[in-house]
Amino acid sequence: MRRIALTLMALLVAMPAFALDLGTPLKDPAAEARARALFSELRCMVCQNESIGESNAQLAADLRQLVRERIAAGESDDQIKEYLVARYGDFVLLKPPLEPRTLLLWGTPLLVLTLGALGAVLALRRRPIPATSTTSLTEAETAELDALIAEDER
Amino acid sequence: MIAECGHYALVLALALALVQGVVPFIGARRNDAALMGVGEGTATGQLVFIGAAFAALSWAYVVSDFSVLNVIQNSHSSKPLIYKLTGVWGNHEGSMLLWVLILAVFGAAVAVFGRNLPPVLKADVLAVQGWIGAAFLIFILFASNPFVRVAPAPFEGQDLNPLLQDPGLAVHPPLLYLGYVGFSIAFAFAVAALIEGRIDAAWARWVRPWTLGAWIFLTLGIAMGSYWAYYELGWGGFWFWDPVENASLMPWLAGTALLHSALVMEKREALKVWTVLLAILTFSFSLLGTFLVRSGVLTSVHAFAVDPLRGSFILVILALFVGGSLTLYAARASSLRQGGLFAPISREGALVLNNLLLTTAAATVFVGTLYPLALEALTGGKISVGAPFFNATFGPLAMALLIAVPFGPLLAWKRGDLFWAAQRLWFAAGAALLGGAGTWLYERGGPALAPLGFALGLFVLVGAFAELVERTRLFRIPLGDSLRRARGLPRAQWGSAFAHAGLGITLMGIVAATSWSAEQIEALKPGGTIAVAGKELTLDSIGPRHAENYVDLAARFTIREGGTVVGHVESAKRTFAARQMTTTEAGLVSFGPSQLYVSLGDVQDDGSIAVRVQWKSWVLLIWGGALFMAFGGVLSLADRRLRVGAPKRARNAIPVPAE
Chain G
1 MRRIALTLMA LLVAMPAFAL DLGTPLKDPA AEARARALFS ELRCMVCQNE
51 SIGESNAQLA ADLRQLVRER IAAGESDDQI KEYLVARYGD FVLLKPPLEP
101 RTLLLWGTPL LVLTLGALGA VLALRRRPIP ATSTTSLTEA ETAELDALIA
151 EDER
Chain C
1001 MIAECGHYAL VLALALALVQ GVVPFIGARR NDAALMGVGE GTATGQLVFI
1051 GAAFAALSWA YVVSDFSVLN VIQNSHSSKP LIYKLTGVWG NHEGSMLLWV
1101 LILAVFGAAV AVFGRNLPPV LKADVLAVQG WIGAAFLIFI LFASNPFVRV
1151 APAPFEGQDL NPLLQDPGLA VHPPLLYLGY VGFSIAFAFA VAALIEGRID
1201 AAWARWVRPW TLGAWIFLTL GIAMGSYWAY YELGWGGFWF WDPVENASLM
1251 PWLAGTALLH SALVMEKREA LKVWTVLLAI LTFSFSLLGT FLVRSGVLTS
1301 VHAFAVDPLR GSFILVILAL FVGGSLTLYA ARASSLRQGG LFAPISREGA
1351 LVLNNLLLTT AAATVFVGTL YPLALEALTG GKISVGAPFF NATFGPLAMA
1401 LLIAVPFGPL LAWKRGDLFW AAQRLWFAAG AALLGGAGTW LYERGGPALA
1451 PLGFALGLFV LVGAFAELVE RTRLFRIPLG DSLRRARGLP RAQWGSAFAH
1501 AGLGITLMGI VAATSWSAEQ IEALKPGGTI AVAGKELTLD SIGPRHAENY
1551 VDLAARFTIR EGGTVVGHVE SAKRTFAARQ MTTTEAGLVS FGPSQLYVSL
1601 GDVQDDGSIA VRVQWKSWVL LIWGGALFMA FGGVLSLADR RLRVGAPKRA
1651 RNAIPVPAE
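Residue numbers (my numbering), protein chains in the order written: chain G, 1 to 154; chain C, 1001 to 1659.
Think of the hints as simulated: they come from the structure by calculation, not from any bench.
For clarity, every value in this text was computed on a predicted model and none was experimentally measured.
Keep in mind that the hints are not guaranteed to be accurate.
Per the computed footprint, the stretches of chain G lying under chain C, defined by three or more beta-carbons under 8 Å from a beta-carbon of chain C, are [what the hints assert, rightly or not]:
| hint | segment |
| --- | --- |
| 1 | 35 to 46 |
| 2 | 85 to 92 |
| 3 | 98 to 112 |
Glycine residues also receive a C-beta, built at the ideal position from the N, C-alpha and C atoms.
Excised from the complex, chain C in its bound form (with noise of 0.2 Å):
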């Protein structure tokens, strides 16, 4: 009864996400101010209603209904309480399910935070918000049903993929599907804008922070997958190139540009017409990765072909929303023409370079995705698009990129002076190149090129603060009047201060993980020993340890450096009852932002155990350099200019809107 009560709630929305798109958009074109209001009502009730349909599932989840086909695929009574939660997204339908919740809390969010709004753009935000949802749920209803009911129950289900249950999964997609839903808003805004054919700065003002919003959710996404790819599938990858991690760098690209281009239209008024494509096309990548996801296309063209429906409503849905609104951009654009003035040296000139080269890097991403299906569905040839192209194109643009960074901020609106940034920078890159120089006498060999890279990461982090040092004017006025200036700039200063840093961090991560990496493989048995980077270890004892639905082969080593003991790791294979697979479940220990990791292979015949350790050179500081970023991207939301209404001075102050 609960999964029927669910199902009608989703019938619902849709009805509500129907009225939304169509009665404020009418009102909106007949500025019939109740029409309008209609958009309020129903974007809340659609929260309602999508949240009731998900409690559902989760219910059927939890007291394990197995006469629900969703559950049976997904679930097992043995599975602990948390993985049968998580387990709710953690299958095509249980997913769309949230990436709908996630809409309608955007959708709601505008609704009840948006109410500084001029009534026609609300409106018409709603809307294009009402369209979408709309989309989505005919989806669900129609091709995804995750309420579908099996006679008769069986007993028992078939269990989550191990490799899903894991914390890394509670978290990662959720956070991921905030930033790639988050920027429907944006693209919102942008249709509603045209739709209007009107435009400004307070524009941008009003969709800054929830970009901002749905890129700290989307950085931090990205990188929470990339770390448990990491810990969980047992080599100590942290970067595949795979399609599907491409497909949510994308949106995280096109979304960075936008971040910029925002800014030079919210200051300067000018890229205007940029912008609202930016805003397009960074929520076109969304609905694309959430295509190429859910497709099956990724597989192979004919995986898509056995299966069809889902992939060809996604398809649809696609080709409508992105068809549709840069049709409307192509009629509208030229209405919106209009801008400040800037000289090629400035602040304007510096983002329009971030935003060619950033665009650049999502086009090549883009068509190093898809070229091999395009290419096998139109000639039949089979090509790889991997790794090794991906560092051959994308690398170079990204280097230009962060060469780059440090000069941007230093450079004033209108007119700026690249030799007088260049001289506020002699300090990082002087830094940079010791700490470059630093680091290749203390790591020796790898490559040659890895301690520039590791100074290029260096230089991007010290010129981060250059700014800052600038403005606050330190080490020139005494410390304390440095201190007071440091507290009165701006929040957003700070924000993009701490967020290139957090690129220079993951950048020398990068590097230095690639580079002066170490490995050993070896057969132990229990007292032998292996040795990496300088540490033993060894095997103390190997044996097997039961939990609630798998069994362990758990081996404990001790690590020494020099004949001392310097910490303890266990590392072991995972076996599932249900499924009988096996996840290795890695041993790390850190040293410092450095990490040994050791993983298992298989038992010999003569009762050996094949062990592999790497030592990771600096590689927390990939994720480290992500949590920089997104804790920028919070101060920067943080900033007063966000908090305090941009139209009229709110007394009641706009709650930003991702908390």
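With the rest of the complex left out, here is chain G (with noise of 0.2 Å):
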């Protein structure tokens, strides 16, 4: 708690360490990009908002190791996803999936935007009623403007 609290502080949540050792990259560049693009969809679990892309946890090290080797063995991404997801849940997914529960998080943006955008056509359409009386100064203030007209003609 405190530790978090100080790392928090400092706006960020990172460990110290940092993610050298990425392993054994595959010989093959296209495959090897798969798997980096890989690393940063998926969460490494023991870790705070890290992927497996920049943890240095172990368990980030392993799961690296895990998507490489399904990939060498010819599995699509969404082969390799799904059988991480059988495993640890959607947790591991930094990208929810859209499902009943995940609704709103996804649907947020499109309904906040339709319906501002609702509102906005709304209220340009809807002719102000013209202001019919100048209730808005008080006497104080009529005082002052008076004055300063006359200060002004002066």
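Two chains, two frames, a set of hints: combine them into the complex.
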């Protein structure tokens, strides 16, 4: 709790260590690029908000190894993700899948945008009632205005 | 004794805050000038007492008074003086004290500089400030007292987290807090307007400098934090979509929207109701950020439950202020309705679009940050919402906004001509396409969308100046005349051009750094070489170096390009004795706006050391753009209409709040 408060204080949660040892890269550059892309989509579950591509934790290293092995074995990205989700749950995905319980999460941008646009259009179309009275000035302000006008005329 | 004085000063400040929350408010209702005037004295008094408390805590740090618990936990006698001082706010209690100190600074600034405000408005604003101050002072005194003593006092402290022993920490939190807390003024003005049920263009003009000042600080604070993370955390990332970062991004997005909608209100008396709501929302996001960072709720719902006092305390404050102000808003907003008419295609319309996109972006970040917490609390299910989610949702919104940015200033108020604006932007679009194509040829490879993103950044950058070109009739009249016109333009216009250009620059930096960077990792022995992006680095030597409170394992490299030496760089791993913690001190060398980023890994069994060299394309543009934005803000703040009073031509010019 203390340590967390400290690091959070500085607005960032990250370990001082860094993912230097990314493991042995795959021989095929295209396959390695796929592995790297996958790394950034998978969460290191024992870390705070770090992908397995960023974390130095042992678990992240193991998962990197696992991802590479499965790519080498010819599995598709989706198959690998499915395997990991079956093992660790949705928690492992940094981009949660669209399902009933994440509907609101994914829907928010569209919802806010639509409602906002609708509101703006309605507000634009509604003709405001022209101001009929000028009660917006207090007596003191009216007096001040009169004084100013008088000053100007002098 | 000094610590006790500090503690007592806080109690006195609380008493003053309570007086300030009640007396001027009653005075405003009864229109009693004497009662309303009380607020000025209490606001400056609060600043004096909270300043004294802060000085007392700083003193305890400077002399390493290890009978104070807070000092024990966050300081060490061998720590350099600068980090003893910055350590004051490098922890929970101290940072909350800094929070209220800054609040007091703003409160006193309103009291002193707000001479031309109508007395009733000023009294209400100060009263609201008093409520906020009182709430947080109660929190500090009862749940987060930095002056708690320990007996017997230990001989040595536990040191400050090494990650925070960095010049970046010295400036980052104060800047950020100046931003967060600065928005409290806009909030106070909004609530005061709702209480009075009266709001006009002058209101917008009074609020604008405060909002602008807070926005400048927040912009700099976020950029500073991002750069600090970039060089200190050791792997060269600059934005992580971490909840704590999001906590600072939300008020920034809402505050940016507020700046723009206040403009409409000031010029055209439209969007009043909306502007008031934004002012409330912006500060609510600031409070929410404080809650998220301070309560520990982010680590998990359970961490929060273990030590719930502080979290629940801030949650209550949050609920009171957000709930209270929104209720007031719901009750009174209808009495404010009124405003100028405008066509959809107009400056006002463009600013509405700006607000729509910024608010949606803020809502997206809000939901993305809190959704996992809410889901876990409600159903127990655990999901992660990380960078890929935000890239997929926030990204398109930001792109749409950026495409629209250059058009906005070219549209006339009330009724604009989109075609005319587009004609003025042909040049910018052409320059962008050429630049994008050029970069693509130069950089080679990378994602297919990268040159387009880069071109969009260029479009925003060049397009930002289209309005100035138009106004100065550049190239159509003699250059001298144009220059004279340029000097005559309001500074706010220059300000918005620079701020918008800064957005474009930042976008170019982000696109380039994420698309065209390269990296190489190798284990090297002295004399060994590693190559990346056409640069060769030779490890010259490696060895320890001792300093006051840490030991560096430093590696020195010579950089060659095509055989010729182009520079040297040193990278280190720093081990702090007190906590036995290691940090990376990355070696950075700039080549134009791009950087070589060298970090060290572990020493291997055979005596070689793992070296990671990254080429960060155009990366400095990211923070350079933020500096442009802040500079634009400063220019705008220096605009004549803000220096000269709104209601009467003040002989004593109104100083800007930020200085």
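Compare the structure with the hints numbered earlier in the document and write down the numbers of the violated ones, lowest to highest.
-> none
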